[in-house]
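Asker: With chain W's structure known, arrange chain V on it following the hints.
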Amino acid sequence: MDDLHSAGMGRARPDASMSLLDDITATALDPAYATAKGTRTRHTGLATFVVLLVPGLLLAIAVVHAQRGAPALARQHGQLVRAIHDREHTADRLRRQTAALRADVAGLRRERLAHSRRGRAAERDLTTAARGAALSAATGDGVRVTVDDAPARSGQPQARVYDRDLQTLVNGLWAAGATGIEVNGQRITSTTAIREAGSSILVDFCPVSPPYRLDALGDPDAIPARLADSTAGRRMNTLANGFGIRYDMHSADDLRLPAGSGGTLRYARTAAR
Amino acid sequence: MIAVIGLAAGVVLGLILHPDVPLWLQPYLPIAIVAALDALFGALRARLEGTFDEKVFAVSFVSNTVIAAVIVLLGDLIGVGSQLSTAVVVVLGIRIFANVAAIRRKLFHA
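Listed in order, the protein sequences are those of chains W and V.
FYI, the numbering used here numbers position 268 of the first sequence as 268, with every residue one higher than the one before it.
Going from the second sequence to the numbering used here is simple: count from 1 and add 1000.
The set of hints was computed from the structure by calculation and includes no laboratory data.
Among the clues, some could well be false.
Claimed, not checked - Incomplete in silico selection of chain W near chain V, CB under 10 Å:
hint, residue
1, Leu-29
2, Leu-46
3, Leu-57
4, Leu-58
All C-beta atoms in this analysis are idealised placements derived from N, C-alpha and C, irrespective of residue type, glycine included.
Chain V extracted, bound-state conformation:
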């Protein structure tokens, strides 16, 4: 429950504060969000299986987000930014689907 409250508080805080994203960060925002979603769904699945640990979540969230952004940044430097971005999104999307499927199995036993 505290986790949900924390998440909701973060969303509300973001909506109130309305921070402006600096220009150099804007291209990496979508990738960071997808990575964050991946970590969030993993945390939700862990919570349902009774193995949630906030330290693991913090590390996985930060590393997911940073690594995804760094991969895209490197890709931009090399010149394959959009392709690498696609690859990152594909992999993260598959993981999100796998976690959501496990969550569904857990919740509905179906």
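This is chain W alone, in the form it adopts within the complex:
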């Protein structure tokens, strides 16, 4: 290497030891090319062909390998998203089917029970029980509570509404005298669960997304007052003031609550003729 730098001079350059990049670029072309005598043998053509075959093969292998590997993740993600959408559509369709079949069954039952006095009494009992179990639609005046995640602020983790917040609020509404509650279209029955899966809240196994709208039937004046006094109301106020969670409540007229799901038939026997 020294002769490269001291060409024309009697001694090595003072910065000869700092020649790393210089060396790299100077020897970028293998010096063996310059010194090799072109051996023009008869088989030169074939040798060149074979010798260039291997790098081509290697390049092709590497490209194929990279093409196979890189989009796999994107493909899987796309497949998962598609599968989720398909399942959601199927679940919606099955839910609609279930609701229609339930309506059919109720109609058939009403018709059958109307034939006798005992039947009509049983039908009245069933209607009352369904109303109490939130298995029939309900309308009336009440309050509408809106709860939403805090607005995202840069540099801070966003304060989100958790399932226990909704649970506390629903329990607080019951305690304040509500006679029927729905959350984002899902009626709350005595066995309805409000859970969290991943980052979304599930009400009765249906995912709901913010803003969460809770409609409660009851006294539009008494419920807000009682709720504000209760533990649940104080907790929601703390969340609103401390974390920026949106928590609004106002009275509303003519609320329509859908029927709850459930009412699974567990015991049945054929009627004695």
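Answerer: Frame of chain W, contents of chain V only:
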């Protein structure tokens, strides 16, 4: 010309055959490719300067590829695999740039 045909034939062969890279070899494939590219650009430059010799190319290609892979393998054993891999890629990249610059000067006299 025969060189280009040979290269193209190798690429086509690789695309047709679709060979699977064995698992233990897969981490060294990118480094081997960069080393191969370095040898290829050196060969192209030599060809343009009229000094191409297939024996020199074969030796430089094989040694580049094997040495690069061995350096990374040694680095993995010691525990500095990714750093050494970076160093190898940097050096090979500089050489590729130098060769490509010489090729450009040769082709366009610019």
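Asker: Are Leu-57 of chain W and chain V close enough, Cβ to Cβ, to be under 10 Å, as the hint says?
Answerer: holds (4 Å)
Asker: At a threshold of 10 Å, is the proposed contact between Leu-46 of chain W and chain V supported by beta-carbon distances?
Answerer: holds (8 Å)
Asker: Hey, does the Leu-58 of chain W contact hint survive, CB to chain V under 10 Å?
Answerer: This hint holds: Leu-58 of chain W lies near chain V, its Cβ roughly 5 Å from the closest one there, short of 10 Å.
Asker: Classify the hint on Leu-29 of chain W as holds or violated, based on whether any CB of chain V lies nearer than 10 Å to its CB.
Answerer: Leu-29 of chain W check passes; min Cβ-Cβ to chain V is 5 Å, inside 10 Å.
Violation of the numbered hints given earlier is absent; every hint is satisfied by the structure.
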